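Full structure from sequences and hints, please.
Protein chains in written order, with the working numbering: chain R, 6 to 442; chain E, 130 to 794; chain L, 167 to 497.
Hints in this document: simulated from the structure, not taken from any laboratory. Remember, it's a predicted structure, so these values are computed and weren't measured experimentally. Careful: at least some of the hints might be erroneous.
[Stated by the list, open to error] A few chain L residues that don't get close to chain E, going by computed Cβ distances all over 10 Å:
#1 Asp220
#2 Val232
#3 Pro258
#4 Asn291
#5 Trp292
#6 Val302
#7 Arg314
#8 Ser334
#9 Pro335
#10 Gly380
#11 Ala425
#12 Ser444
#13 Asp448
[Unchecked claim] Chain R stretches covered by chain L per the calculated footprint, using a threshold of three residues with CB under 8 Å from any CB of chain L:
#14 66-78
#15 140-149
[To be verified] Derived DEER-like restraints, expressed as beta-carbon distance ranges:
#16 Ala370/E - Arg365/L: 28 to 38 Å
#17 Glu698/E - Ala297/L: 52 to 62 Å
#18 Thr213/R - Val422/E: 51 to 61 Å
#19 His251/E - Asp142/R: 36 to 46 Å
#20 Ala347/R - Asp209/E: 24 to 34 Å
#21 Glu266/L - Lys40/R: 35 to 45 Å
#22 Arg666/E - Val354/R: 53 to 63 Å
#23 Thr473/E - Lys97/R: 25 to 35 Å
#24 Arg365/L - Ala340/E: 26 to 36 Å
#25 Arg268/L - Ile423/E: 29 to 39 Å
#26 Gln708/E - Ala297/L: 41 to 51 Å
Yeah, the Cβ is synthetic: ideal placement off N, Cα and C, and Gly gets one too.
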Amino acid sequence: MTAAESGTREKIYEVDELTRVEGEGSLVLHVRKGKVLEARLRIFEAPRYFEQIVVERTPDEVIDIVARICGICPVAYQMSAVHAFEDLFGVKVDPEVRALRRLLYCGEWIESHALHIYLLHLPDFLGYDSAIALAHDDRPAVERGLRMKKIGNRILEILGGRPIHPVSVRVGGFSRAPRRADLEPLRAPLAAALEDAKETVKLVAGLTAPEFEREPRMVALHHPKEYPYNHGHIQSTDGVDLRPSDWDRAFREVQVEGSMALHARTKDGATYLLGPASRITLDAEQLHPIARELLAETGMADAIRTNIYWSVLARAIELTHAIAEAIDIVDGYRPPIESRVAWTPKSGVAAWSTEAPRGLLFHRYEIDGRGRVSAAQIVPPTSQNQGAIEDDLRRFAPRIIDLPDDEATLRLEQLIRSYDPCISCATHFLDVRILRD
Amino acid sequence: MMTIEVTRPERTTTAGRWYLERAGLDALVAALREDGRTVIGPTVADGAVVLAEIHSSAEMPHAVGDVQGPGRYRLTKRDDARVFGYVVGPTSWKRWVFPPDVELSTGRRTGHRVEFAPTASHPTKLAFVGVRACELAAFGVQDRVLDAGPFRDADYAARRESAFVVAVQCTTAELTCFCTSMGTGPEVEHGFDIALTELDEGFLLDVGSPAGQELVDGKLASALRPATPVEVYTAAADVAATRARIGDPLPTAGLHDRLLAQLDNPRWAQVAERCITCGNCTLACPTCFCTSVIQKTDMEGIAATNERAWDSCFSPGFARVAGGSFRSRPRDRYRQWLTHKFGTWWDQFGTTGCVGCGRCITWCPVGIDVREELMAIAPPVALSPEPIRVEPVAASFNDFVVAQVVATRQETADTVTLTLAGADPAFSKGNLGQFAMVAIPGFPPLPISISRFTVDGIELTIRGAGPATKAMTALKVGDQLGLRGPLGNNWPIERAVGRDLVIVSGGIGLAPLRPVIHALAADRRRFGDVRLYYGARTPADILYREEMERWASRGGIEVHLTVDRAGPEWEGRVGVVTQLFDQATWEGANAIAFVCGPERMMQATANTLAGRGVTPTRIFVTLERHMECGIGLCGHCQMGKYFVCRDGPVFSLLQLGDTFGREGI
Amino acid sequence: MAAMAHPTEHGHGGHAHSNEHGHAARGGTPRPRVAVVKFASCDGCQLTILDLEDLLLELSEHFEIVDFPEASSARSNGPYDVLFVEGSVSTPDHLRRIGELRKQARVLVTIGACATSGGIQALRNWADHDAYRAAVYPTPEFVESLARATPIAEHVPVDFELRGCPISPDQLVELLTALVTGRRPQLRDEAVCMECKRRGVVCVMSAQGIACLGQVTQTGCGAICPRMGRGCYGCFGPREQANAAGLARYLQASGERSAEEVGQLFAGFTAYSEPFRSTITDLGGTRGARRTGGAGHVAGGAYPPPGGAATGRASYLPGRPRMEGIDDDGR
Ligand SMILES: Cc1cc2nc3c(=O)[nH]c(=O)nc-3n(C[C@H](O)[C@H](O)[C@H](O)COP(=O)(O)OP(=O)(O)OC[C@H]3O[C@@H](n4cnc5c(N)ncnc54)[C@H](O)[C@@H]3O)c2cc1C
Ligand code: SF4
Ligand code: SF4
Ligand code: SF4
Ligand code: SF4
Ligand code: SF4
Ligand code: FES
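Right, dumping it as structure tokens:
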């Protein structure tokens with residue numbers, strides 16, 4: 006990381022390769038005379054052309070393929086895709102399949118949130134390079150995180166064969182639904198994980214976060230009866246209310262000026278924020294009672310809404326929620342009558358949004374007469390958040406301008422990590438012109 | 130080489146034979162569990178009947194059947210309540226007596242010291258419910274391999290010893306079964322504690338050991354009553370029917386020598402193009418015993434464990450040494466499998482390695498059938514369909530017996546079927562596809578196929594092709610003619626048992642195949658799908674029209690017709706007969722074909738069949754040649770090395786090789 | 167596995183080196199320095215390292231993780247004792263970096279389908295690269311990517327490879343243990359089927375007519391897909407002497423699948439490895455050069471496919487009333 010000074014009033018802060026984020030990205034903040042000239046989160050993942058790779062493939066093949074966009078949240082990709090197809094084909098899955106899909110998502114949230122809180126984010130708050138360094142001083146804390154991460158992975162493994170790129174999600178249901186006995190081994194560790202999660206909420210609520218108040222526009226799915234994973238309406242703090250298939254009625258992808266990157270904006274060009282903080286803000290009522298109570302105890306719902314550093318707490322609350330809901334689903338589970346219902350393809354547009362750990366993930370596929378994809382659009386959460394992140398970088402500038410360079414860039418990097426950006430996902434927002442510099 | 134002597138004592142006595150209600154099965158499972166045993170039995174999971182631990186008979190299949198073929202297994206619903214109404218599934222008992230993964234020993238290396246400790250085997254007490262005859266035989270084979278030599282597998286021995294065996298007689302069989310050929314079933318005869326034969330409402334129960342007797346006298350006593358003679362009879366009849374159904378799909382006489390003489394057969398390379406060397410066949414096989422040991426260590430490099438896992442001669446690394454693999458090519462590995470299982474196993478262990486359970490056939494994902502490979506690589510010495518010779522009458526050059534026309538039927542404008550009676554009884558005992566030399570004084574005697582066998586005579590269907598045949602078609606009821614026969618060999622219908630049969634014929638060529646269809650219809654369930662493809666010149670030339678409708682409607686035979694030329698009244702297909710099955714969806718991997726018609730047509734048919742995977746060993750044709758004596762003396766009918774009258778007229782394509790269809794032979 | 171040959175053929179190379187470090191670790195001298203880098207990939211394979219929850223902290227006692235940007239802000243430019251490489255070579259920059267990295271690494275291990283085979287992104291290798299770029303990016307001329315996404319071994323020698331999309335945690339532990347204790351890693355070179363059978367899985371190909379690549383695929387995953395009731399899609403890549411052509415012929419012979427559909431089966435995460443690669447090419451490439459379906463062709467992969475009838479387990483389960491439908495719109 007460098008902070009180049011040219012004259013006394015001009016500074017360029019750069020982090021060449023962001024660490025403890027998923028994927029490869031860099032950031033640049035260019036300030037002159039207190040004025041921010043450029044604030045950019047750059048992504049230099051190599052392009053992988055997913056939207057083209059899925060062309061001509063069948064819906065079930067697409068579910069396998071899009072998972073590989075991101076190894077951290079493959080389930081999210083599978084969920085948005087499968088629900089998009091089922092919505093178009095008019096597939097009604099067994100209610101137990103619906104519950105299993107929530108459980109699958111719980112697994113991914115638990116895994117992803119535990120990973121982010123303990124392995125990627127906590128070292129920032131406590132001043133370490135990594136969780137391994139942190140473990141030297143506080144091994145129990147890191148072990149707690151790993152324990153929870155493990156149970157999340159275990160859920161994914163039982164339902165999908167493996168934690169990363171599980172294999173069982175199919176249009177119409179699952180290629181195989183677990184027997185009750187298969188879920189049995191989850192009970193005890195889930196119960197223990199719930200205690201760990203509560204402990205985590207306590208731990209992170211007690212951290213000190215930098216002051217950084219602002220009020221971003223927040224967007225998340227909202228469902229009256231449940232915390233949002235696969236269903237609900239797209240809602241926002243300023244009144245958007247749409248079916249999950251209709252993302253493109255309120256939002257669009259725009260080419261950012263001076264760059265080749267595509268960012269998502271609202272139709273009138275505004276940036277917005279997705280993810281745990283937005284969900285907690287829009288869906289607190291639907292949290293599992295255990296998580297809702299914990300949130301109330303901390304009394305920090307407002308802080309979560311206004312200070313992105315407290316997204317770590319939002320994640321901890323959601324971690325608790327996911328574990329508590331997983332316990333309920335496991336308890337009430339009965340194998341579906343049909344793990345996979347019959348379906349036939351239809352031509353048309355298949356679109357859906359679900360809540361990835363990092364926020365709303367929108368997929369849109371055009372299906373041809375032979376039931377294969379003819380065009381695809383995938384809008385991952387990180388690229389939707391990118392505008393909001395850059396807005397915040399701009400706002401943040403005055404706070405670091407007087408700090409020593411190393412510290413300033415570190416602070417910037419920490420800010421970025423608060424968003425838990427998943428850069429692997431964001432590859433199609435590649436900004437290569439800058440990369441060449 | 131030794132053979133398994135199969136003795137089948139007649140057990141007609143009802144003494145010591147019991148009847149168990151179907152509901153009583155649960156008492157049996159419960160009794161075994163109370164005995165502290167882990168009970169392993171059949172249960173339905175993932176589209177198959179698998180073996181797994183069961184806690185009550187409710188977990189066992191009910192009204193479930195199966196259909197098996199090469200590379201194919203499907204469950205079916207039975208319309209009765211049988212618990213054992215299927216045959217062996219993907220799991221074998223090997224899983225419990227010779228588990229797929231076992232820890233053998235542990236080791237430690239601390240400083241200069243090394244220690245080794247064998248891992249103690251503490252097998253739980255087992256009970257196996259539903260062991261079939263071939264599986265009992267597999268235990269016998271494994272006993273010889275693992276427990277009879279100078280070095281023994283103690284873990285295997287302990288597990289085997291602990292297991293209480295409830296055997297089940299097979300009252301159903303699948304196309305993949307060939308226990309009859311291997312001499313291992315379907316009758317369960319020894320090696321069990323209790324044997325069950327499933328009847329409509331319950332089971333006939335036989336005791337096979339003191340432990341079985343103890344159970345019958347003790348915990349199970351209240352669930353039993355003595356069996357009635359009808360129950361005993363029915364049970365025996367059902368098992369006998371199973372034997373009949375299976376037939377003898379793999380003639381094994383001399384197989385060991387036949388096979389080992391074929392190490393250079395080109396077929397090894399051909400099968401290796403189809404074989405994926407996946408190893409499924411060997412792991413599914415109840416007798417394959419190859420394993421590999423792998424070492425695992427901790428990160429300190431101190432503690433290590435040795436684990437033994439099922440392996441296979443199909444794994445590329447199985448025969449690897451530092452310089453490479455001894456069986457580097459897939460063909461080498463396929464050859465190892467087949468020659469071991471059916472050949473060298475005898476030399477090593479004095480027994481066959483194959484018990485005919487058919488698992489390797491069903492569970493080969495690409496449907497390779499060991500029987501077919503064996504028949505192609507090491508065919509039975511007599512290549513031709515073996516005639517079951519009936520002593521022909523009037524077998525000298527120009528001697529005839531007289532028969533009388535008792536009925537005539539005008540089949541088509543130029544073809545008549547004559548029903549003959551009063552001839553020698555030898556004729557009605559003739560074989561499917563044989564012919565007679567038929568004579569009217571003044572005309573040359575002609576070969577005419579027997580188109581039907583009746584109780585006291587035969588039928589001939591004759592097309593008036595020339596002067597002699599025209600004279601015959603003109604015969605009236607009460608007229609007489611001269612016969613010699615029955616002559617020639619026959620269609621190898623026993624080879625079609627358990628297979629799909631494709632019959633292709635054109636014109637008068639249907640006559641020699643008609644008795645085949647009669648025989649099939651009489652015992653239809655022994656055969657797979659039967660399809661008849663028949664081509665005639667015009668709709669008016671179609672033979673046996675009414676009869677054909679019965680074949681289709683009641684005989685369970687698919688009939689496909691085509692004509693060369695059609696009038697407006699014809700709604701069926703027009704074109705040559707091979708076009709009829711161009712669009713068909715069946716695969717030939719399990720089919721056998723009988724073909725008779727003009728030689729051109731037979732050639733075209735043979736090519737099409739080969740394209741569908743029917744190998745030359747399974748395509749049979751009947752040849753028409755100029756014949757005068759019909760007994761191999763006149764020399765007219767010679768074709769290459771064969772006298773068609775004596776060695777034929779039915780030949781397999783393999784026999785004919787490239788003489789078939791070649792001009793001028 | 168040509169890659170595997172390196173440390174075994176030059177026996178003392180891999181062994182002596184690892185010994186030195188493995189035993190040295192216990193003797194108090196430095197632990198082997200490990201780094202993780204990525205090229206074009208999804209991060210799933212390196213995440214597998216973090217997914218070794220139970221072992222992660224123990225591992226850090228045996229290895230010094232000096233560069234692993236996803237997990238740590240501490241960085242190092244090498245040299246490394248062990249370098250894990252994830253991802254395929256897909257940009258001019260990758261091309262440059264892989265050469266440099268090889269020089270820094272004593273043992274180079276490729277992890278995952280992307281690195282060992284090119285990954286899913288290698289499907290573009292059959293297509294017109296420019297058309298691909300133009301279809302995804304608004305200003306394609308600015309996108310730097312190579313016409314082909316290629317495995318690492320196409321550019322530099324590789325010492326060990328871990329297959330899979332993603333890699334198997336068990337195989338990863340086995341490799342690490344072998345490296346630290348100086349023995350040969352026991353990575354089997356057999357078909358997925360073998361593990362399928364050992365685990366008592368009912369073959370989905372024989373019992374349900376589902377196409378399964380397990381027969382031609384390198385073992386290592388533990389037969390995940392068949393255990394989950396579906397066919398293997400080959401994410402561990404072709405095994406030694408994989409008879410892909412034979413399997414492709416069989417799958418077409420039944421008439422239920424067209425040549426194109428069979429080709430697509432191989433056109434997955436390890437498509438660019440031979441013999442999958444030539445099988446795909448022989449059957450018309452990745453983008454349906456032969457678009458007409460054969461007999462029984464199934465549009466868009468409907469379920470169940472006609473003819474391939476799955477014998478539903480459901481029919482053997484006692485009936486149970488359906489639950490009330492849930493309003494999935496949240497309205
Ligand atoms: C094994 C076998 C089974 C047969 N089964 C039947 C049957 O069931 N029904 C039926 O209608 N026909 C059958 N034939 C064919 C039948 O034998 C000839 O159609 C018949 O011989 C023709 O004689 P032809 O004198 O009427 O006619 P022509 O064509 O006039 O014969 C001229 C002469 O050629 C000779 N000749 C021509 N073909 C043959 C022949 N195949 N065998 C002997 N001599 C021949 C004879 O000397 C004959 O007199 C069979 C042939 C064979 C070899
Ligand atoms: S070789 Fe095949 S038929 Fe013979 S015992 Fe083994 S699996 Fe059964
Ligand atoms: S014969 Fe069939 S099951 Fe056996 S190795 Fe070959 S392909 Fe696999
Ligand atoms: S091999 Fe698969 S899991 Fe690994 S990085 Fe590539 S896409 Fe991700
Ligand atoms: S399911 Fe696939 S991997 Fe398993 S045995 Fe069958 S073909 Fe092999
Ligand atoms: S079964 Fe095949 S596709 Fe599935 S995880 Fe294993 S190797 Fe990958
Ligand atoms: S007819 Fe006389 S030898 Fe054949």
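For each hint, the structure was consulted:
1. Asp220: Non-interface label on Asp220/L holds, nearest chain E Cβ at 12 Å vs cutoff 10 Å.
2. Val232: The claim stands: Val232/L keeps its Cβ more than 10 Å from every Cβ of chain E (closest is about 19 Å).
3. Pro258: The claim holds: Pro258/L sits with its nearest Cβ about 38 Å from chain E, beyond 10 Å.
4. Asn291: Fine: 25 Å to the nearest Cβ keeps Asn291/L off the interface.
5. Trp292: holds, 24 Å
6. Val302: holds, 37 Å
7. Arg314: holds, 29 Å
8. Ser334: Fine: 15 Å to the nearest Cβ keeps Ser334/L off the interface.
9. Pro335: Check passes; 14 Å lies beyond 10 Å.
10. Gly380: Non-interface label fails for Gly380/L: nearest chain E Cβ at 7 Å, not farther than 10 Å.
11. Ala425: holds, 16 Å
12. Ser444: Answer for Ser444/L: holds, closest chain E Cβ roughly 15 Å.
13. Asp448: holds, 15 Å
14. 66-78: holds (count 8)
15. 140-149: holds (count 4)
16. Ala370/E - Arg365/L: 28 to 38 Å: holds, 37 Å
17. Glu698/E - Ala297/L: 52 to 62 Å: holds, 58 Å
18. Thr213/R - Val422/E: 51 to 61 Å: holds, 57 Å
19. His251/E - Asp142/R: 36 to 46 Å: holds, 45 Å
20. Ala347/R - Asp209/E: 24 to 34 Å: holds, 29 Å
21. Glu266/L - Lys40/R: 35 to 45 Å: holds, 39 Å
22. Arg666/E - Val354/R: 53 to 63 Å: holds, 58 Å
23. Thr473/E - Lys97/R: 25 to 35 Å: Hint violated: Cβ distance 59 Å, outside 25 to 35 Å.
24. Arg365/L - Ala340/E: 26 to 36 Å: With Cβ atoms ~32 Å apart, the hint holds.
25. Arg268/L - Ile423/E: 29 to 39 Å: holds, 31 Å
26. Gln708/E - Ala297/L: 41 to 51 Å: holds, 43 Å
Against the hints set out earlier in the document, violations occur for numbers 10, 23.
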